[in-house]
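S.K.: Below, each chain spelled out in residue letters.
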Amino acid sequence: MNFSEFKFLLGADPRSREPEFQRARHSSAEFEAAASEADRFEGLLDRAALIPAPDDLFGEIFTISQQPVGSAGRRRWLPMALAASLLLTAGAAGWIWNMNRGWATVEEYVVDHYRHDGNLVPTEVGIDQVQALFAGLDMQATPALASIVNVIKYCPTPDGKGIHMILNTESGPVTVIYMPGTRVVDREMMAFDNVEAMLVELQAGSAVIIGPDQQSVSALYSFVQESITPAPGNS
Amino acid sequence: MNTEASRQARFNQLAEAYGTDLYRYAMWICGNDALAKDLVQETYLRAWKALDSLNDLKAAKSWLITILRREYARTFERKVPKFTDVENVVIVEDRELEPEDRVEIRQLRQAILKLAAKYREPLLMQVVLGYSCEEIAGALDISKSAVMTQLFRAREQLKSSLQKDGVTGNVHELF
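Protein sequence lines correspond, in order, to chains L and B.
Here the first sequence stands for residues 1 to 235, where the numbers follow the working numbering.
Here the second sequence stands for residues 1001 to 1175, where the numbers follow the working numbering.
Hints are computed from structural coordinates only; laboratory data are not their basis.
Check before you lean on any hint, since a few could be wrong.
To be verified - Here are the simulated DSS-like cross-link-like pairs (lysine-lysine), alpha carbons at most 27 Å apart as the crow flies: (1) B:K1164 / B:K1144; (2) B:K1164 / B:K1118; (3) L:K7 / B:K1049; (4) L:K7 / B:K1144; (5) B:K1049 / B:K1061; (6) B:K1114 / B:K1058; (7) L:K7 / B:K1114; (8) B:K1058 / B:K1144; (9) B:K1118 / L:K153; (10) L:K7 / B:K1118; (11) B:K1114 / B:K1144; (12) B:K1049 / L:K153; (13) B:K1118 / B:K1061; (14) B:K1144 / B:K1061; (15) L:K153 / B:K1061.
As the list claims (entries may be wrong) - Residues of chain B placed beyond 12 Å of chain L at every Cβ, according to the derived structure: (16) I1067; (17) K1118; (18) L1140; (19) D1141.
The structure presented is a predicted model; accordingly, all values stated were derived computationally and were not measured.
The beta-carbon is built from N, C-alpha and C at its ideal position, and this holds for glycine as well.
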């Protein structure tokens, strides 16, 4: 691959995993410099293009039909019955469930939340998505954690918005819920519904790890504690 | 799980997994928060109705984007919406950035908005949706080599625009 071809690929498909392209990136100082500059531009482009979505996107979308006809230029044709159906169907039930909800203890919250939201189906999650959600709470996740996340979404916690994740671990799927405003007794164990859970104190907030057995949960204690930290400037 | 519950769970999974991508893409193509939400709502409604035709969950994202693009074309075929809200939406996020990055990102967003649709759309598919060149070619019904040329030119124009706006930094040295 000559330099012109390489520069074309940097501009057309900079994240290509083609072996020849990858080899070319390190083939000479000139190629490396071009790749490095392209990486910087891609970082900038990512941040420019990945505009934030509203936290309550589903809530906003499915209440559109309930607003007065004709305002803000929106079409409001969605029949109420269908809107209500979709509201429940599309997972917006979580927001309804959270309304006027109170938990006396964090343990009560963990059981309640897991029973409500514990069976999410794993999907493809990008590291950028993981980082974007954590950034929304002034936190960050290490790449090691972000790379094994199969499900991630904001969720209610006893003290405000948190993050619900399912990690793909060696012992199978393990749920981790980050609770930014909640204090817990570090390493406290819980057992319910054939799962084990461990509370973890973090630098900022806390987390709960929920897995099939105590071993799988305990094995992740240090990893979770070290992987969820305040974003730079927020420690 | 009964059939209806299974269908709902399937839809729930799609809606949650791809809501952010759909909204971002809708914002970039229509440039208005209210219209973007409307497009996503319409997309979900049509997806709900046609869910049984989706045989492969791995194809769900491109299926949803196709629905959204069709709905956009149908809705705005006679009217091109003004780009207004992309800048408004991002200002909140920008406060978390360093001032120098903020300037560059703002200029880059403006440059993206100024790109011709034939350059902007494949670029957004690649950057926002994570599509491969092959997937973009399939979605736009053009050849992969045409996609790559458009992507290359899109980036060239963005970088050129940053240069013209006087942004400092190594990014200029590429071009």
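S.K.: Next step is simple, just say for each hint if it's right about the structure.
M.R.: Hint check:
1. Between K1164 of chain B and K1144 of chain B the alpha-carbon distance is near 30 Å, which puts this suggested pair outside the 27 Å criterion.
2. Between the alpha carbons of K1164 of chain B and K1118 of chain B the distance comes to roughly 22 Å, so the proposed pair stays at or under 27 Å and holds.
3. Between K7 of chain L and K1049 of chain B the alpha-carbon distance is near 45 Å, which puts this suggested pair outside the 27 Å criterion.
4. Proposed proximity of K7 of chain L and K1144 of chain B is supported: the alpha carbons are some 17 Å apart, at most 27 Å.
5. For the given pair, K1049 of chain B sits about 16 Å from K1061 of chain B by alpha-carbon distance, which is consistent with the 27 Å threshold.
6. Restraint check for K1114 of chain B and K1058 of chain B: the C-alpha separation of about 33 Å exceeds 27 Å, so the hint is violated.
7. Distance restraint check for K7 of chain L and K1114 of chain B: the Cα-Cα separation of roughly 23 Å lies within the 27 Å cut-off, and the hinted pair is therefore satisfied.
8. Using a Cα cut-off of 27 Å, the hinted pair K1058 of chain B and K1144 of chain B holds, with the two alpha carbons roughly 21 Å apart.
9. Of the pairs offered as hints, the one joining K1118 of chain B and K153 of chain L is violated, with about 33 Å between alpha carbons and a cut-off of 27 Å exceeded.
10. Distance hint between K7 of chain L and K1118 of chain B is fulfilled; the C-alpha atoms sit about 21 Å from each other, no more than 27 Å.
11. Taking the CA atoms of K1114 of chain B and K1144 of chain B, the gap is near 24 Å; set against the 27 Å cutoff, the hint holds.
12. The suggested pairing of K1049 of chain B with K153 of chain L holds, with an alpha-carbon distance near 25 Å, which does not exceed 27 Å.
13. Our distance criterion of 27 Å between C-alpha atoms is met by K1118 of chain B and K1061 of chain B, whose separation comes to about 21 Å.
14. For the proposed pair K1144 of chain B and K1061 of chain B, the alpha carbon gap of about 19 Å is at most 27 Å, so the pair holds.
15. With a C-alpha separation of about 17 Å, the suggested pairing of K153 of chain L with K1061 of chain B holds against the 27 Å cut-off.
16. With a least beta-carbon separation of about 14 Å from chain L, I1067 of chain B lies farther than 12 Å from that chain, consistent with its non-interface assignment.
17. Residue placement check: K1118 of chain B keeps its beta carbon more than 12 Å from all beta carbons of chain L (closest about 14 Å).
18. Annotated as non-interface, L1140 of chain B keeps its C-beta farther than 12 Å from every C-beta of chain L; the closest such distance is 14 Å.
19. Every C-beta of chain L lies more than 12 Å from that of D1141 of chain B, the closest at about 18 Å, which supports listing it as non-interface.
Hints 1, 3, 6 and 9 from the earlier list are contradicted by this structure; the remaining hints agree with it.
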